[in-house]
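Using the sequences provided together with the hints, build the complete structure.
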Amino acid sequence: MTRHTFILNGTSVTVDVDDDVRLLWVLRDVVGLTGPKYGCGINVCKACTSHLNGKAFNPCSVRVKDILPTDEVTTIEGLADTVPGDLHPMQEAWLEYDVAQCGYCQPGQIMAAVAKVRQARAKGRTITEADLDEIRNVCRCGTYSRIREAIKAGADHM
Amino acid sequence: MAPSQSTPELPVPPRPGTSRRGFLGYVVGASTLVVAADLRVGTPAYAAVPSAPQIAEAYDLEDLQTDAARPTAQMITISVEKDGTATFAIPRMEVGQGITTSTAMIIAEELDLPVSKVRVSLAPARPELVFNQLTGGSNTTVSTFTPIRVAAAIAKGALLEAAAIELGSAMALLRSKDGVITAPDGSSVGYGELAAKAASAVTRKVQVVLKPSDSFEVIGRPVNRVDARDIVTGRKKFAMDLEVPDALPTMVCRPPTLNGSPKAVRNLSAVKAMPGVTDVAMVDTGVAVRAATFGHCIDAVRALEVDWLPGSVDGESDATILQELRGAQVPLVVPKVPVLAKTVEADFTFMFRSSAALEPYAAIADVRADSAEVWAGLKSPIVAQEDIAKATGLPQGKVKVNVVTGGGSFGHKLFGDHAIEAAKISKAMGKPVRLMWHRADEPRQGRVHPMATSRIRATYLAGQVLTFEQQHTSIETDFSHGLGEMLSSSAAELPAGLGNLGFAESIFQLTQELPYDFGAVTQQLTETDSRFNTGSMRNIYSPDVRCANELVVDQLARAMGKDPYRFRLEFLKDERTRAVLRRAAEVGRWGRSMPAGTAQGIAIHKEYKGATACLVEIDCRPETVNRKVRDGVTGPRVTKAIIAVDAGLVINPQGLKAQMMGGFSDGLALALTSSLHLRDGHFLEASWDNYFYTRQWNIPPEFDVVVVGSDSQQPGGAGEAAVASSVAAVACAFARATGKVPTRFPINHDSPITFDIKSFVPPVPQSPVDGLNHTY
Ligand code: FES
Ligand code: FES
Numbered sequence: 001m002t003r004h005t006f007i008l009n010g011t012s013v014t015v016d017v018d019d020d021v022r023l024l025w026v027l028r029d030v031v032g033l034t035g036p037k038y039g040c041g042i043n044v045c046k047a048c049t050s051h052l053n054g055k056a057f058n059p060c061s062v063r064v065k066d067i068l069p070t071d072e073v074t075t076i077e078g079l080a081d082t083v084p085g086d087l088h089p090m091q092e093a094w095l096e097y098d099v100a101q102c103g104y105c106q107p108g109q110i111m112a113a114v115a116k117v118r119q120a121r122a123k124g125r126t127i128t129e130a131d132l133d134e135i136r137n138v139c140r141c142g143t144y145s146r147i148r149e150a151i152k153a154g155a156d157h158m
Numbered sequence: 001m002a003p004s005q006s007t008p009e010l011p012v013p014p015r016p017g018t019s020r021r022g023f024l025g026y027v028v029g030a031s032t033l034v035v036a037a038d039l040r041v042g043t044p045a046y047a048a049v050p051s052a053p054q055i056a057e058a059y060d061l062e063d064l065q066t067d068a069a070r071p072t073a074q075m076i077t078i079s080v081e082k083d084g085t086a087t088f089a090i091p092r093m094e095v096g097q098g099i100t101t102s103t104a105m106i107i108a109e110e111l112d113l114p115v116s117k118v119r120v121s122l123a124p125a126r127p128e129l130v131f132n133q134l135t136g137g138s139n140t141t142v143s144t145f146t147p148i149r150v151a152a153a154i155a156k157g158a159l160l161e162a163a164a165i166e167l168g169s170a171m172a173l174l175r176s177k178d179g180v181i182t183a184p185d186g187s188s189v190g191y192g193e194l195a196a197k198a199a200s201a202v203t204r205k206v207q208v209v210l211k212p213s214d215s216f217e218v219i220g221r222p223v224n225r226v227d228a229r230d231i232v233t234g235r236k237k238f239a240m241d242l243e244v245p246d247a248l249p250t251m252v253c254r255p256p257t258l259n260g261s262p263k264a265v266r267n268l269s270a271v272k273a274m275p276g277v278t279d280v281a282m283v284d285t286g287v288a289v290r291a292a293t294f295g296h297c298i299d300a301v302r303a304l305e306v307d308w309l310p311g312s313v314d315g316e317s318d319a320t321i322l323q324e325l326r327g328a329q330v331p332l333v334v335p336k337v338p339v340l341a342k343t344v345e346a347d348f349t350f351m352f353r354s355s356a357a358l359e360p361y362a363a364i365a366d367v368r369a370d371s372a373e374v375w376a377g378l379k380s381p382i383v384a385q386e387d388i389a390k391a392t393g394l395p396q397g398k399v400k401v402n403v404v405t406g407g408g409s410f411g412h413k414l415f416g417d418h419a420i421e422a423a424k425i426s427k428a429m430g431k432p433v434r435l436m437w438h439r440a441d442e443p444r445q446g447r448v449h450p451m452a453t454s455r456i457r458a459t460y461l462a463g464q465v466l467t468f469e470q471q472h473t474s475i476e477t478d479f480s481h482g483l484g485e486m487l488s489s490s491a492a493e494l495p496a497g498l499g500n501l502g503f504a505e506s507i508f509q510l511t512q513e514l515p516y517d518f519g520a521v522t523q524q525l526t527e528t529d530s531r532f533n534t535g536s537m538r539n540i541y542s543p544d545v546r547c548a549n550e551l552v553v554d555q556l557a558r559a560m561g562k563d564p565y566r567f568r569l570e571f572l573k574d575e576r577t578r579a580v581l582r583r584a585a586e587v588g589r590w591g592r593s594m595p596a597g598t599a600q601g602i603a604i605h606k607e608y609k610g611a612t613a614c615l616v617e618i619d620c621r622p623e624t625v626n627r628k629v630r631d632g633v634t635g636p637r638v639t640k641a642i643i644a645v646d647a648g649l650v651i652n653p654q655g656l657k658a659q660m661m662g663g664f665s666d667g668l669a670l671a672l673t674s675s676l677h678l679r680d681g682h683f684l685e686a687s688w689d690n691y692f693y694t695r696q697w698n699i700p701p702e703f704d705v706v707v708v709g710s711d712s713q714q715p716g717g718a719g720e721a722a723v724a725s726s727v728a729a730v731a732c733a734f735a736r737a738t739g740k741v742p743t744r745f746p747i748n749h750d751s752p753i754t755f756d757i758k759s760f761v762p763p764v765p766q767s768p769v770d771g772l773n774h775t776y
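First to last, the sequence lines map onto chains A and B.
The first sequence runs 1 to 158 under our numbering.
The second sequence runs 1 to 776 under our numbering.
These are computed hints drawn from the structure, not numbers from a lab.
Everything numeric in this text was worked out from a predicted model, so none of it was measured.
One side of the interface only, derived from the structure: several residues of chain B facing chain A at Cβ under 10 Å:
hint : residue
1    : P275
2    : A669
3    : Y776
For each label pair, taking beta carbons as the anchor points, the in silico distance ranges come out as:
hint : chain 1 : residue 1 : chain 2 : residue 2 : range
4    : A       : D81       : B       : K390      : 41 to 51 Å
5    : B       : F755      : A       : T2        : 33 to 43 Å
6    : A       : R3        : B       : R531      : 43 to 53 Å
7    : B       : A264      : A       : T2        : 31 to 41 Å
Every residue, glycine too, gets a C-beta built ideally from N, C-alpha and C.
What follows is the structure in structure tokens.
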């Protein structure tokens, strides 16, 4: 076991866990943050999508030893604290459009949505239908159309 | 409307819990207000089945499930708490279909309380409910609507009585609104304050009249999901998220072929000594490992060297199973029709499909020497409780089964596979376990929708369809989750003609209805082969059966020189289905001109006390079909989809629309992309990058749901209602766009396999380590 330190939702945490354990299990099984979900463990379903230094990433496919002490990991639990107010505008949009069905995929969908909007902004444009087509997050309940609506609305307030 | 006063002499009720003046229920002896109603109250009685050609028309699966609830004379209770909230534990399971929201709305309506003050939880297994704790067949609202209203109305009556004393006013003059009761002089009192005062020391029977539907203020208005905030903040807990002391992550190393079993572990001590591993135990389904994290479990599962016993279908493939189905097929009859009559014939094949949800099977189990407790998403918890008792050798009463909200179900969680397996492992290890199936385990060893063929022969003459025969031949569907027992318990009350059939054939007859005037209609199911792990998948037979039907309807229309939409309008039997068809055609602009390689398709489905129509536009032009998405299936794209639905009395239109969207997404996948390939005794698919459920790049950019007004006073089912019309509409559109009627579903099943087949030994893939190269 090795000690690993990183910044999780704004606070520095240190965990004692084997180097190779993927960050998803460190978050869920060691720290006890269950917002990032497991749906495949191989970077396909995107249910675990969280942010690393503001960019979307999939902790099921990153070893804890590859995370630096200065790295900022944000999970769905910490998203609201990255902005003023009660909730992140994307979370508000999700409520407004009543996107969720079972909800299992939605933490990952929201984290992906925020990153996707930021990515488009960085390219100096707003989110397009083609951008939305690129989102790989699986929703087995089939809420895809509402996700698209909510992202467009959430982007306007980001 | 205020409830009527209880009368000293109660009339003899014509049906349990009903009187000429209203419904009967109870104020239960307790320290705060608790009310109860019989779950079988107020379910409509059905007339005898006429000798009409089809059973499902007069008496369907909804009626069976509702009737099966009747003999169990069981109580549901609502409590009013001192904080002014009402609480209710529903004996059904929330899997995303929104029943906790719609149930809160029903209670809020009758109790005059804001929806936000109603707390609906999921009841643990209640064996005394017998058949009345099964979530399936889109039946929840159909069967619980009236009993819940009765209980809520009784609660309001008791609160009004208490308020009358409190405010010194006549009960009839009081007004209740938003959880507050106000007297004519303006003085008021909240439900919270009345909770103890309205309580009764002894249980007493009371009679109530329900609100008339024209004064509904909550029912029928769009309401957001009650758990939405927990979902978007990551606080909503699923089975594997629950904190149960010492329930460490546990996974199973599974056999390389379907339903194989372990014989011996060759490297037990080496695996036991691996980092993080606490226990390794052999169970009938494989070799279980318990470890500090699921990451350690994956490592251990991959390291295990196991000798395996054969599986149930070793050596079999899609082709051999299809051959077996062909062998079981009943020949189509040569109909006795005039010699000039013409025939349309068709033969369709539907491949195996995985019903797995995004949340894989997961369950927590703590089995002790004399008792057991289990937490899992279960739609049929009483059957699971019986099975766990059997598996652990404990009396059923010593097994506590907690029902947890599920991350989707689609029929999957009707079975207690995960809960039973977790209990066996916990017993073998003597410790609590947090069992999770790896994603790869789901399509490969989990429940599948059976492969089936559907053959149709129809004859027509002089503008009339004379006969329509459909022979559906399927791998057996497993109904051991309770629906089977429900059916046998109700056998005596079932319509004539069902008595001699097996479970599956009966359920087929109870769900299938061809809603067209097509002369002599025959629809029959033949089943073979019970070696697969099967189940329903967001509906049982209808998506396949109706897809076949509607494709043939299009062929008949063509043969008879008619437009597919007008042909349907002309031959449909009932006005409700015609109305949704008209709306879909109107909103979707049926018949508009489309470029070559693109087309519209339209189809209907009637089930669950309602009807849906779906219109789609599909683009099958090469530039669309051949567009590239990494590790994804593209193919034809549906560019527009409209669903028009009549679901009877609608509780929550927003929830209904959501169910239509989800159902469409399933229909799209069934028609075009998602299936399992059986080869050498195992299914090849092992994750979402090779089991192609609908993804963002497949869904129509334009999607709309139109809720068609219904004069039905009865809520219909919603969860599965849209799937059949959607799969059929997409198939019909594909046929019209390409000029070729597809015969094997999904349409891309026979395309070359483009994915890397994941290993069978070890049975789960290792997690990648390059996640940091894919950030965005
Ligand atoms: S669990 Fe991380 S992508 Fe599926
Ligand atoms: S809401 Fe259930 S998987 Fe997306």
